[in-house]
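Student: Protein chains in written order, with numbering that gives the first Met the number 0: chain A, 0 to 276; chain B, 0 to 132.
Think of the hints as simulated: they come from the structure by calculation, not from any bench.
From the three backbone atoms N, C-alpha and C, an ideal C-beta is built for every residue, glycine too.
Heads up, some of the hints might be wrong.
Pair by pair, the computed Cβ-Cβ distance ranges are [said to hold, decoys possible]:
1. B:P38 <-> A:K100: 27 to 37 Å
2. A:P97 <-> B:F16: 29 to 39 Å
3. B:T107 <-> A:K196: 43 to 53 Å
4. A:P110 <-> B:P35: 34 to 44 Å
5. B:P122 <-> A:K100: 32 to 42 Å
6. B:Y114 <-> A:A125: 46 to 56 Å
7. B:E77 <-> A:K196: 56 to 66 Å
8. B:H56 <-> A:T28: 40 to 50 Å
9. B:V111 <-> A:T150: 32 to 42 Å
10. B:H56 <-> A:P193: 41 to 51 Å
Just a sample of chain A residues kept apart from chain B, beta carbon distances all over 10 Å, derived [claimed, not checked]:
11. A21
12. P110
13. K196
14. K197
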Amino acid sequence: MDNKRRKFLKIAGASVLAGIGAPAVIKLTAATPALASGHGEAPAHAPAPDAHGGHAEEAPQGVRLGMVIDLRKMNENPEMLDSAIAACIAAHNIPEFPDKKNEVKWIWKAPFENVFTDHSASHSAAKVKNFPSVALCNHCDDPPCVRACPTQATYRLEKNGIVAMDFHRCIGCRFCMAACPYGARSFNWQDPRPYIKKYNKEFPSRMKGVVEKCNFCGERLALGQEPACVEACKGTGAIVFGDLNDAKSEIRAVLDKEFTIQRKPTLGTKPSVFYIV
Amino acid sequence: MYNKGTIIPGLILFVLFVTFPIWFNGLTTAGDLPKPELPPGGEKQCVMPADYMRANHMQLLNEWRDNVLRDGDREILEINGKKYPKGLQMACMTCHSQKEKFCDSCHTYAAVDPYCWDCHLTPNEAGSKEAMH
């Protein structure tokens with residue numbers, strides 16, 4: 000009897016020790032290969048260490064469409080901005096609700112201090128104070144709206160950097176509107192159709208309960224046309240559109256020459272829309 | 000047979016009642032197969048054979064949607080010299096311009112209610128507010 004108990008306790012003790020010790024042993028032996036594979040993958044995913052958080056940083060590769068808006072030129076010719084907004088409204092069947100709280104905005108006017116909240120507006124020049132700046136979806140490199148969307152109705156096209164929407168899939172939860180730091184998304188609180196002044200028969204309207212925003216005129220780009228707002232300002236250079244990753248593009252020439260700012264660069268969303276103030 | 004007078008009329012009534020869908024469809028027009036009106040422009044060709052379109056147009060539309068929106072593939076299909084940009088409004092409804100007489104005829108018959116036209120404009124609707132092009 001005693002003998003049996005002694006044997007049992009020995010085996011139990013050894014098992015407990017083995018159980019406690021095994022994970023540590025496995026960790027030690029497996030440590031080297033795990034680390035090695037980690038090193039192999041890291042550069043492919045993570046950005047270069049010096050590119051951390053900076054706002055002059057660019058997408059790793061491929062086409063990245065962007066826009067430079069020259070607010071000086073917009074300032075000189077206020078009708079131009081109105082025509083750009085009108086062109087967008089006409090191209091995308093955007094409803095114009097009489098009540099401002101229902102407003103649907105793709106590209107819109109807003110006061111300078113509302114558009115550039117990061118920039119101090121105290122003692123700003125009267126022309127800055129009085130002239131409305133222009134805002135639109137920034138087509139961020141790291142779009143918070145895409146992360147917030149539970150149905151992947153909004154997503155970033157790897158092909159050209161456009162943050163696009165699939166209206167078919169939008170469930171109207173408005174998480175993206177909460178996530179977007181630029182207020183670039185609007186919700187259709189009611190049926191938009193009665194408030195669309197003129198239909199473009201090549202573009203759909205939206206329905207009640209769907210979020211919408213600027214799509215960088217993806218449908219026009221496919222036909223080799225410029226975005227509607229860019230076309231409306233043609234010849235003035237007030238809006239320059241192009242590939243930010245193409246060193247020879249017009250937009251890069253402008254960016255190299257002028258001092259440009261982005262909206263809320265500190266948030267790290269890496270906007271593709273630049274402004275000359 | 001006992002109660003012949005009630006059982007036989009009862010049986011007849013029962014049979015009439017059970018076969019109601021059959022004779023009702025035969026007597027009325029409720030069961031007639033829908034006849035969708037072909038394109039008013041007289042187009043004979045589609046992006047796929049008619050049989051395929053009849054059975055699978057919804058899958059094709061979903062495919063086009065994903066091509067255009069998700070993959071950014073807006074390549075214009077060209078079949079026998081005619082160009083079809085992927086899209087319900089841009090391809091389908093340019094020929095089948097009468098949604099009410101084409102699409103609805105089968106959809107009503109099959110009691111399906113696709114939500115395409117919640118957003119997409121039929122040529123009639125687009126025309127109601129002075130179209131751009």
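Student: Now tell me if each hint is right for this structure.
Tutor: Results for each hint:
Separated by about 44 Å at the C-beta atoms, P38 (chain B) and K100 (chain A) break the suggested range of 27 to 37 Å. Taken as a hint, the range 29 to 39 Å is violated for the pair P97 (chain A) and F16 (chain B), whose Cβ atoms sit roughly 57 Å apart. Distance hint check for T107 (chain B) and K196 (chain A): the Cβ-Cβ separation is about 31 Å, which falls outside the suggested range of 43 to 53 Å. Separated by about 54 Å at the C-beta atoms, P110 (chain A) and P35 (chain B) break the suggested range of 34 to 44 Å.
At about 33 Å, the CB distance of P122 (chain B) to K100 (chain A) agrees with the hint of 32 to 42 Å. One distance hint, 46 to 56 Å for the beta-carbon pair Y114 (chain B) and A125 (chain A), holds here, with the actual separation near 51 Å. In this structure the supplied range 56 to 66 Å is violated for E77 (chain B) paired with K196 (chain A), their Cβ-Cβ distance being about 34 Å. At roughly 59 Å, the beta-carbon separation of H56 (chain B) and T28 (chain A) lies outside the given 40 to 50 Å, and the hint is violated.
Roughly 23 Å separates the CB atoms of V111 (chain B) and T150 (chain A), a value that falls outside the hinted 32 to 42 Å. Against the hinted window of 41 to 51 Å, the Cβ-Cβ separation of H56 (chain B) and P193 (chain A) comes to about 30 Å, which falls outside the hint. No beta-carbon of chain B comes within 10 Å of the beta-carbon of A21 (chain A); the shortest separation is about 47 Å. No beta-carbon of chain B is positioned within 10 Å of the beta-carbon of P110 (chain A); the least distance is around 31 Å.
Look at K196 (chain A): its CB is around 7 Å from the nearest CB on chain B, not clear of 10 Å, so calling it non-interface is violated. A Cβ of chain B approaches the Cβ of K197 (chain A) within 10 Å, the least distance being about 6 Å, so the stated non-interface status is violated.
Comparing the model with each numbered hint stated earlier shows that hints 1, 2, 3, 4, 7, 8, 9, 10, 13 and 14 do not hold.
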